[in-house]
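J.: The chain contents come next:
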Amino acid sequence: MAHKNVIPFGPQHPVLPEPIHFDLVTEDERIVDAIPSISYVHRGLERLIEKRDFIDFVHVADRICGLCSFMHAMGYSQAVEEIMGIEVPERALYLRTIWAELSRIHSHIFWLGVAADAFGFESLFMQSLRLREVVLDIFEATTGARVILGVCKVGGVRRDIDAATLKGIVDRLASLKKDLEELSPVFIDDYSIRHRLVGVGYISQQDAYTLGCVGPMARASGLAMDMRTLGYAAYKYLDVEPMVETTGDCYARCLVRIREMFHSMDLIRQAVGKIPEGPVDLKVKGAPNGEYFSRVEQPRGEVIHYAKGNGSRFLQRFRVRVPTFSNIPAMIKVLKGSEVADVPNIILTLDPCISCTER
Amino acid sequence: MRSFTMTKTVIKNLLAGPATLMYPKRKRTFTPITRGRVDNDINKCIFCGLCGRRCPTYAILVTKESKEWQIDRLKCCACDLCVEICPVKSLSMENQYAPPATDRTAGVYKLKKADEGGAETDKS
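So the sequences go chain by chain: U and L. Counting in my numbering, the first sequence runs from 1 upward without gaps. Counting in my numbering, the second sequence runs from 1 upward without gaps.
Calculated from the structure, these hints are not laboratory results. Backbone N, C-alpha and C define an ideal beta-carbon position, used for all residues, glycine too. Please note that a few of the clues may not be correct.
[Unchecked claim] DSBU-like, lysine-lysine: derived pairs with alpha carbons at most 30 Å apart:
#, chain 1, residue 1, chain 2, residue 2
1, U, Lys51, U, Lys236
2, L, Lys89, L, Lys67
3, U, Lys285, L, Lys12
4, L, Lys44, U, Lys283
5, U, Lys283, L, Lys12
6, U, Lys308, L, Lys112
7, L, Lys44, U, Lys177
8, U, Lys51, L, Lys89
[Claimed, not checked] Okay, the calculated beta carbon distance ranges per label pair:
#, chain 1, residue 1, chain 2, residue 2, range
9, L, Pro99, U, Gly168, 47 to 57 Å
10, L, Pro99, U, Gly66, 33 to 43 Å
11, U, Thr246, L, Pro99, 27 to 37 Å
12, L, Lys64, U, Arg47, 49 to 59 Å
13, L, Ala19, U, Lys177, 55 to 65 Å
14, L, Ala19, U, His13, 38 to 48 Å
15, L, Lys64, U, His13, 34 to 44 Å
16, U, Leu230, L, Leu21, 49 to 59 Å
17, U, Phe314, L, Lys75, 49 to 59 Å
18, L, Lys25, U, Glu87, 30 to 40 Å
19, U, Leu48, L, Thr102, 50 to 60 Å
[Said to hold, decoys possible] A few chain U positions that, by computed beta-carbon distances, are all more than 10 Å from chain L:
#, residue
20, Pro185
21, Val186
22, Asp207
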């Protein structure tokens, strides 16, 4: 038996855009244990909530993460609206859905690019980021910002999109779809990509369930868990279908994300077809008194926003349980028994968002 | 498995040239609603201080006595709240970003209203 070595992985590593650290205990090339450590960039949001007005805090929630910025703002707003009993106008719900689905598309395209970079296919990374630019341009034209959107607020949204622009979005997404249809066969069929992903990082359906997987990680193992089916925002009016694969390896997780991108485009098309006329926001009066768990499906999985107010302008307690955090136990399980060379792949197919985790 | 899946993309890229802008030569065009930087038409300003109180990052400082309005652009998160609340619409959101700065105080932008109505700009 070979003796055990500890290989440090991270916090600075070429495949990781953000700091997370693993101590990989190896025997030869095989990993027998992995010890994660996070909290390199902790920001203390839970303390900040006590000092910021609950309406201003949407801007802080917006800045929890760059890729799913809008979904954090939406989750927080939903929690506060539910506590205060605010009925958000239908049009605002539809607009929220459209922006949320656009966020999902751009996050998944970005993930495809970063994953390609992790297994050493750099030109594919460039292609993906070029296609992602289309979505960022739509964001800038409709919200005024490319990454931190800042359009969600308690009681609705801050900007309306007129009918012509909505049609323009659908048209641009149709051409983006054509480009993605050219790009996705590379991820699905290419020999070298299949070689790096098929059979790597397998997690069974039972393990995924008991370890509390969420998002594409759970869906790739055959668990049909998608919080959009709960019907928050305008999803109750749209045909949401969880994308499920059963093989549970890195390749399945890649397939789930590719299929979700196309499904999101379809959802946006549906939402644009059904969007009603009307106001986009409500005037908020009073202060929240009570508590609520709001569940939102992010590109990476289910995020839970817990808010508790005591009738003053400042919330008492706020907590975010982000998808990456609940996927870490499954990641450790997957890492045990895998090869050292597969570690970047496994970590990336989970799509870790450390800035979310260190809220 | 199929071969040559990317051939079409390769040919397209060869003919179309780079997808990026050649930046210093070609300036980026911003959309009309891009949230770049906050500016104040100081002659219209009534120094009510609402913008300073609304600001989530406490970037705006308004002094009524000396008729001064000051913003720290490094603190400003370009949320547009001050522009929305301004009662005389003297604040506006420009679609160009603020120039880059090398030290903490370089983001401070100060405007002072002169008594006879002309504005004088002091960039400290």
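J.: Broken hints, numbered, in rising order?
T.: 1, 3, 5, 6, 7, 9, 10, 11, 12, 13, 14, 15, 16, 17, 18, 19, 20, 21
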